[in-house]
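Engineer: Work out the full structure: start from the sequences and follow the hints.
So the chains spell out like this:
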Amino acid sequence: MMPELSLNILDLAENSISAQANFVEIILDENIKDDILSLVIRDNGKGMGDEFVKQITNPFITTRKTRKVGLGIPFVKQITDLCEGELVITSEPGQGTELKASMKHSHIDRPPIGDIVSVIHTLIVLNPHIDFLFIYKVDNNIYSIDTREWKAILDVVPLNDMNVQKALKVDLLSGLKKIGRSLI
Amino acid sequence: MTTLDELRKLKEKALDDLKTREGKASAKITVGMGTCGIAAGAREVTTAFMEEIQKRNLKDIIVAQSGCMGFCEQEPLVEVEKDGQKIIYKKVTVEGAKKIVAEHVINGNVVGDMVFASEEK
Ligand SMILES: Nc1ncnc2c1ncn2[C@@H]1O[C@H](COP(=O)(O)OP(=O)(O)O)[C@@H](O)[C@H]1O
Ligand SMILES: [Mg+2]
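Sequence order for the protein chains is A and Z.
Numbering-wise, the first sequence is residues 1 to 184 according to the working numbering.
Numbering-wise, the second sequence is residues 1 to 121 according to the working numbering.
Because the hints were derived from the structure by calculation, they are not lab data.
Among these hints, one or two may not hold up.
[Claimed, not checked] Pairs of lysine-lysine, BS3-like flavour, derived with a Cα cap of 30 Å: (1) Z:K55 x A:K166; (2) A:K77 x Z:K55; (3) Z:K82 x A:K166; (4) Z:K98 x A:K54; (5) A:K77 x A:K166; (6) Z:K82 x A:K178; (7) Z:K91 x A:K151; (8) Z:K55 x Z:K98.
[Claimed, not checked] Covered stretches of chain Z (in silico footprint by chain A; criterion: 3 or more residues with CB under 8 Å from a CB of chain A, positions within the stretch not fixed): (9) 4-15; (10) 30-39; (11) 45-51; (12) 58-65.
For glycine and all other residues, C-beta sits at the position ideal for the given N, C-alpha and C.
Structural biologist: The structure is reproduced here in structure tokens:
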């Protein structure tokens, strides 16, 4: 198990990257009013067939050659099971994959969100050729960052440029602060 | 949120900085980001590399990520590519990351006691 949900997010995004996605959406939604926390990760990677998706929460399912078990998705399934939520994965070969994990926000076993700023920052900076859209909602307050908008203006300056790295961090930190999530 | 105007200024600043240095990266650091790597602390190690590079203002170092490298019990694994040589470090910690930057990336001395494997190109 991962001690923070943000680490599961990093792990799931790595699945999208391994599936050759060039656009990854990460939507974190804390609906405190209805006591639901949901996470959506959507990518345009190579996708999976129906039979494969059905078995994917089983740890013995992996297409990786390096090890016989894949634990990333079973970890998330374990969390949603424990926290009275559900994990829904829909995928279309050649089109992409959507993973939706929901859980009871106030559930005692729900892991903390953790250092999501570092995770999103790391994903963007370490994968400058992949586009990311990150949306974080806390009830009606929304923060979002879309690297496609940054790239449109930055042009030849890559997202892993040192000046850009700093600016991305500032954007994430101040944006989360505005929605009341600075110290998680 | 960063405004369009701020982004435009950011671009000018970055382009200015780009002019004053050469194009080629002098080292590439790749952190294994499979499930085991992440569980063993790969995120913290990556952040440490990024902060260290930022702090020392090393503009020609690339930090990248890879999937599972297949040696879960040795995670976090970090590959450093420099001067035509690849070194894979095992069980890298935040302290280890700082050491790798100071000794290997900057001074070209491989950190012997942390090496998992090496490969000449
Ligand atoms: N977003 C995705 N797109 C395509 N295939 C995926 C995606 N996520 C997971 N998979 C497939 O499911 C398998 C199991 O994933 P996971 O549980 O994270 O373990 P691992 O990544 O270690 O194999 C992967 O090996 C891959 O084949
Ligand atoms: Mg995985």
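Engineer: Hints the structure violates: just list their numbers, smallest first.
Structural biologist: Those not satisfied are hints 2, 4, 5, 6 and 7.
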